[in-house]
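Position 5, counted from 1, in the sequence shown is what the numbering used here calls 5; the numbers after and before it change by one each time, with no gaps.
These are calculated hints, taken from the structure and not from any lab test. Worth double-checking, as some hints may not be accurate.
[Stated by the list, open to error] If you anchor each label on the Cβ, the simulated ranges turn out as follows:
hint, residue 1, residue 2, range
1, 289, 228, 28 to 38 Å
2, 150, 204, 13 to 23 Å
3, 179, 221, 25 to 35 Å
4, 99, 150, 29 to 39 Å
5, 165, 114, 18 to 28 Å
6, 26, 291, 51 to 61 Å
7, 201, 289, 53 to 63 Å
8, 291, 62, 20 to 30 Å
[As the list claims (entries may be wrong)] The list that follows gives simulated cross-link-like pairs (lysine to aspartate or glutamate, EDC-like), each with its CA atoms no further than 16 Å apart:
hint, residue 1, residue 2
9, 109, 83
10, 216, 59
11, 229, 83
12, 44, 261
13, 260, 50
14, 279, 59
15, 47, 261
16, 260, 202
17, 205, 46
18, 260, 59
19, 260, 46
20, 219, 83
Keep in mind that this is a model prediction, so the values were computed, not measured. Backbone N, C-alpha and C define an ideal beta-carbon position, used for all residues, glycine too.
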Amino acid sequence: MSSAPTLPEPAADPAPSPWLVPFDGSFRVDSASTAPPGGKRDKKAEKEDERRLDELTEELDGLQRRLYAENSRALLLVFQAMDAAGKDGVIRAVMHGVDPAGCEVTAFKQPSSEELDHDFLWRAVRRLPERGRIGIFNRSYYEEVLVVRVHPEYLGGQRLPGPVDPARLWEERFESIRQLERHLARSGTAVVKFWLNVSAGEQRKRFLSRLDEPEKNWKFNEGDVAEAKHWDEYMAAYQAALSATSRPWAPWYAVPADDKDFARRAVAEVMVETLRHMKPEFPTVGEERRRTLARMREQLG
1 MSSAPTLPEP AADPAPSPWL VPFDGSFRVD SASTAPPGGK RDKKAEKEDE RRLDELTEEL
61 DGLQRRLYAE NSRALLLVFQ AMDAAGKDGV IRAVMHGVDP AGCEVTAFKQ PSSEELDHDF
121 LWRAVRRLPE RGRIGIFNRS YYEEVLVVRV HPEYLGGQRL PGPVDPARLW EERFESIRQL
181 ERHLARSGTA VVKFWLNVSA GEQRKRFLSR LDEPEKNWKF NEGDVAEAKH WDEYMAAYQA
241 ALSATSRPWA PWYAVPADDK DFARRAVAEV MVETLRHMKP EFPTVGEERR RTLARMREQL
301 G
């Protein structure tokens with residue numbers, strides 16, 4: 001009996017970046033920088049980051065319009081990070097000039113009872129972007145190999161069939177994630193994933209800022225402090241997840257996030273370069289359609 005043919009991997013052209021996570025499983029958290037090259041940036045560098053971000057968001061708007069008009073492919077952006085790493089700020093800064101009709105942000109929080117009645121990918125699959133759109137996941141299905149790995153007691157509420165073998169569970173979930181992302185790539189959805197890599201020291205400063213500045217008090221969550229005590233466990237979980245799932249058709253970028261302006265620029269550069277590689281185009285108009293448009297022009301005088 002002949003074996004099934006091996007299918008080729010999806011075509012991929014990941015955006016080049018110093019923050020691209022290798023595809024060979026060699027990624028190490030302790031080698032990933034949380035600070036921009038050269039360390040703390042001066043006012044001149046900050047202004048350059050802001051200027052460059054403005055350029056990139058303008059280009060992103062044009063690329064998104066072509067993607068929307070083309071209506072045959074989609075872009076999924078996944079953001080993961082420790083608390084206070086700046087996910088919301090990055091998404092807001094990078095997407096502020098993009099037509100809202102062409103993008104959608106989904107923030108994944110604690111699973112609902114309905115979501116727990118399905119497999120761990122179900123709630124994310126329901127929110128995948130339509131063709132022509134940019135979908136943004138603020139947290140994602142990766143929570144199931146990050147938070148749940150750090151807190152395996154959460155598995156008790158997931159109603160998994162049979163006894164759970166922790167030694168196999170995470171590898172099985174990595175395999176499911178890889179298969180999903182490979183399927184999306186083959187189906188026309190480019191997947192790009194960002195880990196905003198903030199240091200423990202910078203996270204502490206941002207927590208204190210939320211306590212000290214009244215307009216930021218609403219952001220403070222007591223649970224965030226408790227989670228910070230599991231820092232080393234989270235770093236191990238991130239290392240395992242990024243190493244296992246960064247692939248040419250669904251790359252991870254470990255973006256230094258201690259400097260907010262630099263992180264926003266770095267993310268925007270990868271997004272724009274990804275869309276450039278996709279080369280979306282406005283639909284062409286055929287001869288018959290052009291004749292129809294000419295008649296419409298005549299009627300309008």
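Evaluated hints:
1. For the hinted restraint 28 to 38 Å between residue 289 and residue 228, the CB-CB distance of approximately 59 Å leaves it violated.
2. For the pair residue 150 and residue 204, the beta carbons lie near 19 Å from each other, so the given range of 13 to 23 Å is met.
3. The hinted window of 25 to 35 Å between residue 179 and residue 221 holds, with their beta carbons roughly 34 Å apart.
4. For residue 99 paired with residue 150, a C-beta distance near 38 Å keeps the hint of 29 to 39 Å intact.
5. The hinted window of 18 to 28 Å between residue 165 and residue 114 holds, with their beta carbons roughly 27 Å apart.
6. Separation of residue 26 from residue 291 is about 59 Å and conforms to the stated range, judged on CB atoms against 51 to 61 Å.
7. The hinted window of 53 to 63 Å between residue 201 and residue 289 holds, with their beta carbons roughly 60 Å apart.
8. Range check, residue 291 to residue 62: Cβ separation about 29 Å, and the 20 to 30 Å hint holds.
9. For the given pair, residue 109 sits about 13 Å from residue 83 by alpha-carbon distance, which is consistent with the 16 Å threshold.
10. At roughly 32 Å between alpha-carbon atoms, residue 216 and residue 59 are farther apart than 16 Å, so this suggested pair is violated.
11. With a C-alpha separation of about 12 Å, the suggested pair residue 229 and residue 83 falls inside the 16 Å cut-off, and the hint holds.
12. For the given pair, residue 44 sits about 12 Å from residue 261 by alpha-carbon distance, which is consistent with the 16 Å threshold.
13. Restraint check for residue 260 and residue 50: satisfied, since their Cα atoms lie roughly 11 Å apart, inside the 16 Å limit.
14. Annotation: proposed proximity of residue 279 to residue 59 holds, straight-line Cα distance about 13 Å (limit 16 Å).
15. With a CA separation close to 9 Å, the supplied pair residue 47 and residue 261 stays within the 16 Å bound.
16. The suggested pairing of residue 260 with residue 202 holds, with an alpha-carbon distance near 11 Å, which does not exceed 16 Å.
17. A hinted pair counts as satisfied when its Cα atoms are at most 16 Å apart, and residue 205 with residue 46 does not qualify at roughly 19 Å.
18. Only pairs whose Cα atoms come within 16 Å are accepted, and residue 260 paired with residue 59 is rejected, the gap being roughly 21 Å.
19. For the hint linking residue 260 to residue 46, the alpha-carbon distance of about 10 Å falls within 16 Å, and the restraint holds.
20. Restraint check for residue 219 and residue 83: satisfied, since their Cα atoms lie roughly 10 Å apart, inside the 16 Å limit.
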